[in-house]
Amino acid sequence: MGPVPKRPCAPPAGWWGRGGARVDLSREFRDGAVVVRVSGDLDVQSADSFRRRVDGWMAEDCARLVLNLSKVTFLDSTGLGVLLGRIRKAEATGCRLAVVPPPGVARRLLDMAALGRAVPLFRSERSALDGEAQTHG
Amino acid sequence: MAESVEADGVGTADGNTMELVVPSLAVNAELCRAAVAVFAAGLPFTLAELEQLKVAVSEAVGNCALHAYGGEPGRVRLLAQLAAGAIVIEIQDWGRGISDVALARQPAYTTSHDPDHIGLGFAFMEQFTDALEVESAPGEGTLVRMRKRPSGQAAGAAWSG
Ligand SMILES: Nc1ncnc2c1ncn2[C@@H]1O[C@H](COP(=O)(O)OP(=O)(O)OP(=O)(O)O)[C@@H](O)[C@H]1O
Ligand SMILES: [Mg+2]
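If you read the protein sequences in the order shown, they are chains A and B. For the first sequence, the residue numbers in our numbering are 1 to 137. For the second sequence, the residue numbers in our numbering are 1001 to 1161.
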């Protein structure tokens, strides 16, 4: 364990713990479902604001929810945790949830947590709304 | 006409080092992973491998923000080095430390009271790098060291040696 760096890099008072959300969320009502589109990085920095917004929307209307993650560019364990938390919440509240997974390494994280066993995954928003063939692998 | 510069390590990324000291804030997970991705591109990693490195770095820096200082201000040091064709990354804090490292590294182990924390951070660091070492002592801090070598599948890997 090396020495503590001498010069502290203290941010201005009141700034500590704040940080802009680097994830964009939008909601649209389509074909009797609530479609939530997520783009950007869903990580330790943005997970809280993601959770607050989605929980707010789920409290308003949650008969059918499509979570479109196809534009998610980065996912970490904290982001994955809040996704799993929303799935549990949907189950508990009788909300029918469908997920369009992100590409790349983010998709691999979903698979490592066996997310596909907890919620149906669809290759596109359209197929999720139609309830069509699920993606595999 | 452009000349390739090879001598004395000038123009080659091998041996390059980077050090960053930042406050233990969640925003700095993004800063650190972005910095490492650019730095690591000095070796012939595939884009997927760079994405994997970003996850590993983000987990380690995120842990400093979430666990090391109990919400109090603290510092995180990121050290990266390209040596012998591999990247070595160290992420260090001087926070509360981990009393049982082997237990903390177990998948699904977490001390967080937030039910959404799934305890997969160390599992992802392990999964997405070739080697993971964790040195920690209660009250002294934590040092996470990771190593990763390009698989050799990147386009251009053939001529970059
Ligand atoms: N830098 C650190 N300082 C102190 N404790 C740490 C540090 N990093 C990890 N830990 C401890 O190790 C545990 C496991 O870490 P890990 O990243 O695997 O899961 P998590 O952070 O709890 O949850 P997740 O990463 O899935 O959101 C943490 O709950 C914490 O107790
Ligand atoms: Mg973690």
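Please note that the accuracy of each hint is not assured.
Claimed, not checked - Listed next, the stretches of chain B that the computed footprint assigns to chain A, with coverage defined by at least 3 CB atoms under 8 Å from CB atoms of chain A:
1. 1022-1029
2. 1047-1060
3. 1120-1134
Unchecked claim - Okay, the calculated beta carbon distance ranges per label pair:
4. B:S1151 / A:D31: 39 to 45 Å
5. A:P103 / B:V1021: 54 to 60 Å
6. A:F29 / B:G1015: 52 to 58 Å
Think of the hints as simulated: they come from the structure by calculation, not from any bench. Bear in mind that the values here come from a model prediction, so they are computed numbers and not experimental data. Beta carbons are placed, not taken as given, at the ideal position from N, Cα and C, and that holds for glycine.
Structure versus earlier hints - violations, ascending order: Violated hint (a single one): 5; every other hint is consistent with the structure.
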